[in-house]
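Engineer: Construct all of the structure, not just a fragment, from the sequences and the given hints.
For reference, the chains in residue letters:
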Amino acid sequence: MSRAALLGIALLVVGALIALTAPVSSSLALSIYFGRTIVAAHALPAVLGPQSFTAASSPWLAQGWLGAAVTSLVYAAGGYPALVAGNILLAGIAFVLVAERCRAHRLSLTATALALALAILASLGTLCVGGATADLALAAAFLACLDRLSGRWLWAAVPLTLLWVNLSTIGLIAPLFALCALVGALIEERVVTGRVRELLALTLLLVVAAIATPAGVNALTNYSAYLGFDSSGTLGGWQPARVSAPALFAGLVPAMIFCAWLGLRRSGDPEEVAVSLAAIVLALLHGKYLGIAGLAVSPVLAAALDRVTMPSPQRAVPALPSGGVAAALALVALLGACVSFARGTQILDAGRDQYAAIDRLARDGRPHRLLCLNPSWCNYALLRGAPSLQVFFDGRQESYPQDVRDDFVTIVLGRPQWLRRVKSWNIDTVVTTPNGISLLALLPQWHALSLRGNLVIYQRR
Amino acid sequence: MKYAWFVLAIIGARFAVTAVDFPAGDGDLAWQRWLGRTILRTHRIPRALGAESFAAVGSHWTPQEWAFGIGAALGTAGLPWTIFALCVAGCAILALVLVAYRAVRRQANPVAVAIVVAATALAMFESFGVRAQVVAWPMLALLLLTLDNEGPWLWAAVPVAALWSNLHASAMLAPLLAGATAVGRLSEDRAWTPRVKRTFAVTVATVLAICCNPFGIGLPEYALSLFASPIKGYISEWEPTNVSMLSFALGALPLLLAAVGLGVVTRRFRADALVFAAFTFLLFFAARNIAIFSIATAPLVAVAATRAFDLATQSDEPEHLRWIGRYAIPAFAMVLAVVVGIGLYRSQERTEVTMPYKEIAALSSMPGDHRIFCADFAWCSFFIGIPHQSVFLDGRADPYPVSVWKDFATIAFLQQHWRERLAAQRINALIAERGKPLDQALRLIGWRQVTQDKKFRLWVLPDQTLDSRTAGVRLPNGG
Numbered sequence: 001m002s003r004a005a006l007l008g009i010a011l012l013v014v015g016a017l018i019a020l021t022a023p024v025s026s027s028l029a030l031s032i033y034f035g036r037t038i039v040a041a042h043a044l045p046a047v048l049g050p051q052s053f054t055a056a057s058s059p060w061l062a063q064g065w066l067g068a069a070v071t072s073l074v075y076a077a078g079g080y081p082a083l084v085a086g087n088i089l090l091a092g093i094a095f096v097l098v099a100e101r102c103r104a105h106r107l108s109l110t111a112t113a114l115a116l117a118l119a120i121l122a123s124l125g126t127l128c129v130g131g132a133t134a135d136l137a138l139a140a141a142f143l144a145c146l147d148r149l150s151g152r153w154l155w156a157a158v159p160l161t162l163l164w165v166n167l168s169t170i171g172l173i174a175p176l177f178a179l180c181a182l183v184g185a186l187i188e189e190r191v192v193t194g195r196v197r198e199l200l201a202l203t204l205l206l207v208v209a210a211i212a213t214p215a216g217v218n219a220l221t222n223y224s225a226y227l228g229f230d231s232s233g234t235l236g237g238w239q240p241a242r243v244s245a246p247a248l249f250a251g252l253v254p255a256m257i258f259c260a261w262l263g264l265r266r267s268g269d270p271e272e273v274a275v276s277l278a279a280i281v282l283a284l285l286h287g288k289y290l291g292i293a294g295l296a297v298s299p300v301l302a303a304a305l306d307r308v309t310m311p312s313p314q315r316a317v318p319a320l321p322s323g324g325v326a327a328a329l330a331l332v333a334l335l336g337a338c339v340s341f342a343r344g345t346q347i348l349d350a351g352r353d354q355y356a357a358i359d360r361l362a363r364d365g366r367p368h369r370l371l372c373l374n375p376s377w378c379n380y381a382l383l384r385g386a387p388s389l390q391v392f393f394d395g396r397q398e399s400y401p402q403d404v405r406d407d408f409v410t411i412v413l414g415r416p417q418w419l420r421r422v423k424s425w426n427i428d429t430v431v432t433t434p435n436g437i438s439l440l441a442l443l444p445q446w447h448a449l450s451l452r453g454n455l456v457i458y459q460r461r
Numbered sequence: 001m002k003y004a005w006f007v008l009a010i011i012g013a014r015f016a017v018t019a020v021d022f023p024a025g026d027g028d029l030a031w032q033r034w035l036g037r038t039i040l041r042t043h044r045i046p047r048a049l050g051a052e053s054f055a056a057v058g059s060h061w062t063p064q065e066w067a068f069g070i071g072a073a074l075g076t077a078g079l080p081w082t083i084f085a086l087c088v089a090g091c092a093i094l095a096l097v098l099v100a101y102r103a104v105r106r107q108a109n110p111v112a113v114a115i116v117v118a119a120t121a122l123a124m125f126e127s128f129g130v131r132a133q134v135v136a137w138p139m140l141a142l143l144l145l146t147l148d149n150e151g152p153w154l155w156a157a158v159p160v161a162a163l164w165s166n167l168h169a170s171a172m173l174a175p176l177l178a179g180a181t182a183v184g185r186l187s188e189d190r191a192w193t194p195r196v197k198r199t200f201a202v203t204v205a206t207v208l209a210i211c212c213n214p215f216g217i218g219l220p221e222y223a224l225s226l227f228a229s230p231i232k233g234y235i236s237e238w239e240p241t242n243v244s245m246l247s248f249a250l251g252a253l254p255l256l257l258a259a260v261g262l263g264v265v266t267r268r269f270r271a272d273a274l275v276f277a278a279f280t281f282l283l284f285f286a287a288r289n290i291a292i293f294s295i296a297t298a299p300l301v302a303v304a305a306t307r308a309f310d311l312a313t314q315s316d317e318p319e320h321l322r323w324i325g326r327y328a329i330p331a332f333a334m335v336l337a338v339v340v341g342i343g344l345y346r347s348q349e350r351t352e353v354t355m356p357y358k359e360i361a362a363l364s365s366m367p368g369d370h371r372i373f374c375a376d377f378a379w380c381s382f383f384i385g386i387p388h389q390s391v392f393l394d395g396r397a398d399p400y401p402v403s404v405w406k407d408f409a410t411i412a413f414l415q416q417h418w419r420e421r422l423a424a425q426r427i428n429a430l431i432a433e434r435g436k437p438l439d440q441a442l443r444l445i446g447w448r449q450v451t452q453d454k455k456f457r458l459w460v461l462p463d464q465t466l467d468s469r470t471a472g473v474r475l476p477n478g479g
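Protein chains in written order, with the numbering used here: chain H, 1 to 461; chain Z, 1 to 479.
Everything labelled a hint here was simulated from the structure, so no lab data went into it.
One thing to keep in mind: the hints can contain errors.
[As the list claims (entries may be wrong)] Listed below are several chain H residues computed to face chain Z (Cβ distance under 7 angstroms; list not exhaustive):
hint, residue
1, C259
2, W261
3, G263
[Unchecked claim] If you want the footprint, here are the derived chain Z segments under chain H, 3+ residues with CB under 8 angstroms:
hint, segment
4, 154-160
5, 433-440
Ideal Cβ placement from N, Cα and C applies to all residues, glycine included.
Structural biologist: So, in structure tokens, the structure goes:
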């Protein structure tokens, strides 16, 4: 067996192990609820609905509708093991595409191995089931399209973006990457060449593709609204990457150090350098882009490494047989599904105790106007569908009006007037941790009920 | 350096006015003045917390800022304060000058030098103040400059490290940087050449040099223990760096991106690779390292830009035009500095209330013994050394045991059992920020409000009394 094949197998095993141990995404319950609603009605929901007592008639910005529908269908067909298998397949596709880009650049085996290792490390934390693994695969495909050396696939970026933005809001970064490539091409060419014109046209087309979703232009405006950092950490907005994230500490920071040693410009492709720098900034702005940054930077870094250490052109790593790769991926995915089935993992594992608390409230037969300390806990109230439970705020943050978002932060952080907001919204039940919204414990009109898993339910007397 | 003069002038004016006339952003100066006064009075450096702190009496303390404390004590108010504050601002400016000089020595283009100096200055902004760590910045820049030498001047790193260790515990970096340089040179030469031998010898000497302070080996021990200490999680300066911090976003990040794009390491300077890697990890670990990352890496970025864009170096200037860079531009920059300084001096920001002075004065004048909790521990620094006032936790921060920090977080953030911890510590006075959950909670549990201003409120247990004659008292402790 060749060294390249051994490398491929080793990395597939590593990637599979990471994907096998991937946690359940906290947004999975919402995805399945959203998907089920779409599949059942054969239409997108127009409003948030009566399960929200703060914004029942607010329009539901159906972003990521296709991803939710696919997730719910896969879940309906094969349960949680099917989601695990899908997760492994998508992760595998992302890393295989990185290897393919390295091959297109005729990189050495060492450089390819470095690129794959960095891409995998930077994806730590992204590979959760029901999370952004699909975005990794789509980003890898998009970057391959944009890669000049990959050749003929530039225009495939348009339908790919169309698919991506309907699967997930993260697809909105596609026009940004194309714009960066355009800037890189301008820096390189210094005149308007055919390549520059191509990239300009592509960027414009991608902007159009990005708004070709049911949310339309609202998707872009909403995305830009979320560019304001969520310093309170309560709203699920942009959260800058911190070194406590393994993907930054073990992935992107070492990658940046290598890059600074070598200089990405030595890769010889200003377009890719510009895209890589944008991806780094994006990842530092919001930790959820760390995996995509790893995919963007690693092949460029590997190319720079080869240029510096081996100035003469190298023999490219031979292509792995596509059938073999597909078979290996399918095998690992099947193994992952079996392991998941044997373990009995469920979608509720993202917050078993919180969901138990919501189950308890649903069972007591009384109506509740519920506020959850973490909006994603309330997703389960939607999925469960108990008519007696109405939520203040849930994982559909972007669809809630600004005043509801502001009031949520005011209450959760105990800011001045928080109690007035609780009264005005007539909230009667709060699920929180003992350290969250602790002022409630001092109010005689509220009583606390301690639960397992370090949770408290406060109920108004 | 000719363009860098503009940047230095504007930033220098900003630092000088900020140091002398803007309100302090933390309470460290208060306890550092007390430390200095104690040293001057007793001719000894205290090595343990005393009765001024009821929660940790006898806890071991390494007051690394002792020299700074003496300076702060001597420059409490009036002209001595102005001189002291200007000296601290001068340290920051000196660090920038050394950054520029190091880049010029490495043949960087003047425009590139000016840009990296500006980025470094921006990286310093959020950390800047009349603070001990600012005094350490030129020490780092000077050490890196001396380490660039290969001849006898390399030995200058040893006294620099010794001096640094008397100013701040970050002197621990000196042997690490010297060691990185030695390893880098060994990798360049691949032989035991004289310069490699000399650099390794200097490394050993710097290890000894950082023990040339009143604490001896205690200083590096203290620095190492702090590196692994869980209390860092409670101190904002030790918060992991992220892009929402302006000093990072506007200062260090552009330098980092430029380095990533251009590449800062050449075959001739392999030692730079290790230095860059070390400072990049430090950068992401704590916000306080943003400035030192920039000081260390800015010259490398300037050189990389010069090389990558094939820019002219300083020495390429025609002879008959050199007077512009040498005299005209610095003179114009000085005029600019004065204009900027006056503009800053007239700004409204200077009158902003940043510390609970009114509450501190009121409590200090109240009869009885007080066991005080401050929602921001730095505020409690003003009570150090005042009779009958003992604090739970103050800006000295490091010597307090982890258990005290845990109780601090429990009470300050109303975590589970916070009332029990408040009672167990027998706290009878508390300063909180108005409207924050702790402030609201004290009202709900029946504490009595004594006084307040726009931002802060003083609470006491209901049985505490306020002497009404204390209205308008002067702030104690020289603040």
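Engineer: Any hints this thing doesn't respect? Which numbers, in order?
Structural biologist: Hint 4 alone not satisfied by this model.
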